[in-house]
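Chains as they are written, first to last, in the numbering used here: chain S, 1 to 378; chain H, 1 to 378.
Keep in mind the hints are simulated off the structure, nothing from the lab.
Where hints are given, some of them may not hold.
[As the list claims (entries may be wrong)] Result set (DMTMM-like, lysine to aspartate or glutamate): computed pairs, CA atoms no more than 25 Å apart in a straight line:
1. S:K296 with H:D304
2. S:K76 with H:D305
3. H:K76 with S:E297
4. S:K43 with H:E51
5. H:K75 with S:D298
6. S:K326 with H:D305
7. S:K76 with H:D304
8. H:K296 with S:E72
Fair warning: this is a prediction, and the values are worked out from it, not measured in the lab.
There are 2 protein chains.
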Amino acid sequence: MSFKFSIYTQDTITSARTGELELPHGKVKTPVFMPVGTLGTVKATSPEELENIGFDIILGNTYHLYLRPGDELIKKSGGLHSFINWDRNMLTDSGGFQVMSLQQFRKITEQGIEFQSHIDGSSHFFSPERVMEIEHNLGADIIMVLDECAPYPCTKEYAKESADMSVRWAKRCKIKHEQLGGEQSLFGIVQGSIFDDLREENAKELVGIDFPGYAIGGLAVGENKEDMLRIVNLMDKVLPKDKPRYLMGVGTPLDLLENIERGVDMFDCVMPTRHARNGQVFTRDGRLTVRNGKYKEDFRPLQDDCSCYACRNFSRTYIRHLINVKEILGVRLTTLHNLTFYNTLIKEIREAINSGTFSEYKKNFIERYTRSNDVQNI
Amino acid sequence: MSFKFSIYTQDTITSARTGELELPHGKVKTPVFMPVGTLGTVKATSPEELENIGFDIILGNTYHLYLRPGDELIKKSGGLHSFINWDRNMLTDSGGFQVMSLQQFRKITEQGIEFQSHIDGSSHFFSPERVMEIEHNLGADIIMVLDECAPYPCTKEYAKESADMSVRWAKRCKIKHEQLGGEQSLFGIVQGSIFDDLREENAKELVGIDFPGYAIGGLAVGENKEDMLRIVNLMDKVLPKDKPRYLMGVGTPLDLLENIERGVDMFDCVMPTRHARNGQVFTRDGRLTVRNGKYKEDFRPLQDDCSCYACRNFSRTYIRHLINVKEILGVRLTTLHNLTFYNTLIKEIREAINSGTFSEYKKNFIERYTRSNDVQNI
Numbered sequence: 001m002s003f004k005f006s007i008y009t010q011d012t013i014t015s016a017r018t019g020e021l022e023l024p025h026g027k028v029k030t031p032v033f034m035p036v037g038t039l040g041t042v043k044a045t046s047p048e049e050l051e052n053i054g055f056d057i058i059l060g061n062t063y064h065l066y067l068r069p070g071d072e073l074i075k076k077s078g079g080l081h082s083f084i085n086w087d088r089n090m091l092t093d094s095g096g097f098q099v100m101s102l103q104q105f106r107k108i109t110e111q112g113i114e115f116q117s118h119i120d121g122s123s124h125f126f127s128p129e130r131v132m133e134i135e136h137n138l139g140a141d142i143i144m145v146l147d148e149c150a151p152y153p154c155t156k157e158y159a160k161e162s163a164d165m166s167v168r169w170a171k172r173c174k175i176k177h178e179q180l181g182g183e184q185s186l187f188g189i190v191q192g193s194i195f196d197d198l199r200e201e202n203a204k205e206l207v208g209i210d211f212p213g214y215a216i217g218g219l220a221v222g223e224n225k226e227d228m229l230r231i232v233n234l235m236d237k238v239l240p241k242d243k244p245r246y247l248m249g250v251g252t253p254l255d256l257l258e259n260i261e262r263g264v265d266m267f268d269c270v271m272p273t274r275h276a277r278n279g280q281v282f283t284r285d286g287r288l289t290v291r292n293g294k295y296k297e298d299f300r301p302l303q304d305d306c307s308c309y310a311c312r313n314f315s316r317t318y319i320r321h322l323i324n325v326k327e328i329l330g331v332r333l334t335t336l337h338n339l340t341f342y343n344t345l346i347k348e349i350r351e352a353i354n355s356g357t358f359s360e361y362k363k364n365f366i367e368r369y370t371r372s373n374d375v376q377n378i
Numbered sequence: 001m002s003f004k005f006s007i008y009t010q011d012t013i014t015s016a017r018t019g020e021l022e023l024p025h026g027k028v029k030t031p032v033f034m035p036v037g038t039l040g041t042v043k044a045t046s047p048e049e050l051e052n053i054g055f056d057i058i059l060g061n062t063y064h065l066y067l068r069p070g071d072e073l074i075k076k077s078g079g080l081h082s083f084i085n086w087d088r089n090m091l092t093d094s095g096g097f098q099v100m101s102l103q104q105f106r107k108i109t110e111q112g113i114e115f116q117s118h119i120d121g122s123s124h125f126f127s128p129e130r131v132m133e134i135e136h137n138l139g140a141d142i143i144m145v146l147d148e149c150a151p152y153p154c155t156k157e158y159a160k161e162s163a164d165m166s167v168r169w170a171k172r173c174k175i176k177h178e179q180l181g182g183e184q185s186l187f188g189i190v191q192g193s194i195f196d197d198l199r200e201e202n203a204k205e206l207v208g209i210d211f212p213g214y215a216i217g218g219l220a221v222g223e224n225k226e227d228m229l230r231i232v233n234l235m236d237k238v239l240p241k242d243k244p245r246y247l248m249g250v251g252t253p254l255d256l257l258e259n260i261e262r263g264v265d266m267f268d269c270v271m272p273t274r275h276a277r278n279g280q281v282f283t284r285d286g287r288l289t290v291r292n293g294k295y296k297e298d299f300r301p302l303q304d305d306c307s308c309y310a311c312r313n314f315s316r317t318y319i320r321h322l323i324n325v326k327e328i329l330g331v332r333l334t335t336l337h338n339l340t341f342y343n344t345l346i347k348e349i350r351e352a353i354n355s356g357t358f359s360e361y362k363k364n365f366i367e368r369y370t371r372s373n374d375v376q377n378i
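Chain S extracted, bound-state conformation (with noise of 0.2 Å):
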């Protein structure tokens, strides 16, 4: 295993840190923000317009990989770093999430998932060990187990099964990622829906497991934004301070404020992605839909002080002719502008947490995301 993580900076108002991902394939500074390339590229990007943008991980899906091209294929062009022609750190999730989402059949046992592909209705089963296989050939730098990522809502009791036997898996995984071998690093997965007291014990037993880091899992799938920060508040108490702890799948600038500022150091989330092919970008001031009929004649940046190549090149006039108009170029753009927004808005907060005016940025940076009115604010 290549790992190491090491803190910078203690923010003395609240559990804001910065610190140091260092794996296989470069540094990590922390907290990060990490761009979701769930079929083997960042959808509209290019790896090479990633690195411009500054990112330095991103994430790939095991569930789907899996099913297209084939984690055994990906082994054979060398790795998914050598197969899409990133040279900088990746993670991969489990496959336990895409897995709970699915429409179509799946039975969980102790022994593991069984599902059909949403692909042609095929038969798969997933289990730890199968899970670690298919992560070690996929060959990410820092890789997750499986677990079961509850439904919201569910009784307390299905919550408690559930997260225990997260946590057997989780053993299961730790015990196969060693059998394997070689340079990456499992992370565990804290569950236990929104209930305090499972959440406490199900995260103390993952640590006593022992892993690198641990992501909070099973947060931001439908639970009111109170429950998902009171769950990260007592995290933030459970967790081993000199780990680094990562929100899976969250979430929008302001989630990253509230749970950075609750000790979160890494995220994932397709937020910035997504909405771009919406033909929504993310600004200073709130949520624009550039596709609305008043930016006709807009012939503004989507951000005045945006150093994006959109933003640098073309007017809000002729984006949202091109995503009216379906052209590819228009989605681009909005990607590479959202993305941009995301590693700038981390980077900010990371050199405001060194400098210790992190609540003050924070303060700052709502203040003018949620005043206009003339944009949607979440």
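Got chain S sorted already, so can you dock chain H onto it with the hints?
The following block gives chain H in isolation, referenced to the frame of chain S:
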């Protein structure tokens, strides 16, 4: 008008020649292939990428831009160059070809063409004068007269009436164009279907009006390749040697070679970009359909000696995967490759003409391009 055409080298064996156009947005070496940017973007590419490949001139479609986003909006944006952020040259067609291709209602009279939008069925009218206004609003460096592109096949009677009217429209275009003034150059378009005498008469009448360049229209609309080449041979004799000849909407790599041999200087075609979107790529060994199963474990680049971003960084395996799962990056990569292929081909053709080896180059290219059995050769 800011326009100059100089011939560098006249091939001694064939009618092939190299030259240079001097236009408001810089020089363009001929023969030249112009990618098609129908709606203000060459599909799937950015202007930066087109510049990096080496294109000095691209096309815009007047019909499409008139409907969306509208020529008035583009004028307000500072013209098409500014709207799409392209500092090099542009050419706009007149919309005549698109209107004739419409499935919707259209009515042609001496005054112009009444037609319904393919988007919302709304009624519009293109007269020669109106099209000049629109093309002046767009502001391309080279603009085209409104013509009627006669359907294929058509009777000789229809072809004659149509071609004669197109000459009258060409005169009206020139008058309006001169009234409007400015730096744009207006090209005439020869019509006359596949009838030699009509084509000759039509070309002579257009030359009598006097344009800085002449397009050969109404070809590549379904006629035999032999008919096309015979008409182009004829045009080589009839059109003035010292003016550029532009074969509209053509064509395959072999079409380029055959028609350059017959004295054509300019080409445009959607083929490299459209095929790219269908997962078909051009190589020196013919066209290959990268979606096909046989490329599943083909870790070579699309073409071994290609310098494009796709070939320098990605395998057929990966690109096949991207195309099959409909990821935008797949189409981006095949598009970059195909455009690079076309630009490399035309550059090599220019070099061959300049060094007196065009016929040899053509023979060798065709031999390799059509030799292989495992590719489609068109």
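Verification of the supplied hints:
1. S:K296 with H:D304: Measuring from Cα to Cα gives roughly 45 Å; hence the hint is violated.
2. S:K76 with H:D305: holds (23 Å)
3. H:K76 with S:E297: Holds, at roughly 8 Å.
4. S:K43 with H:E51: Given pair K43 of chain S, E51 of chain H holds - Cα atoms ~24 Å apart, limit 25 Å.
5. H:K75 with S:D298: At roughly 14 Å apart (the allowed maximum being 25 Å), D298 of chain S and K75 of chain H satisfy the hint.
6. S:K326 with H:D305: Roughly 33 Å separates the two Cα atoms, so the pair is violated.
7. S:K76 with H:D304: Roughly 20 Å between the alpha carbons, so the hint for K76 of chain S and D304 of chain H holds.
8. H:K296 with S:E72: holds (12 Å)
Violated hints, listed in ascending order, are 1 and 6; each of the other numbered hints is respected by the structure.
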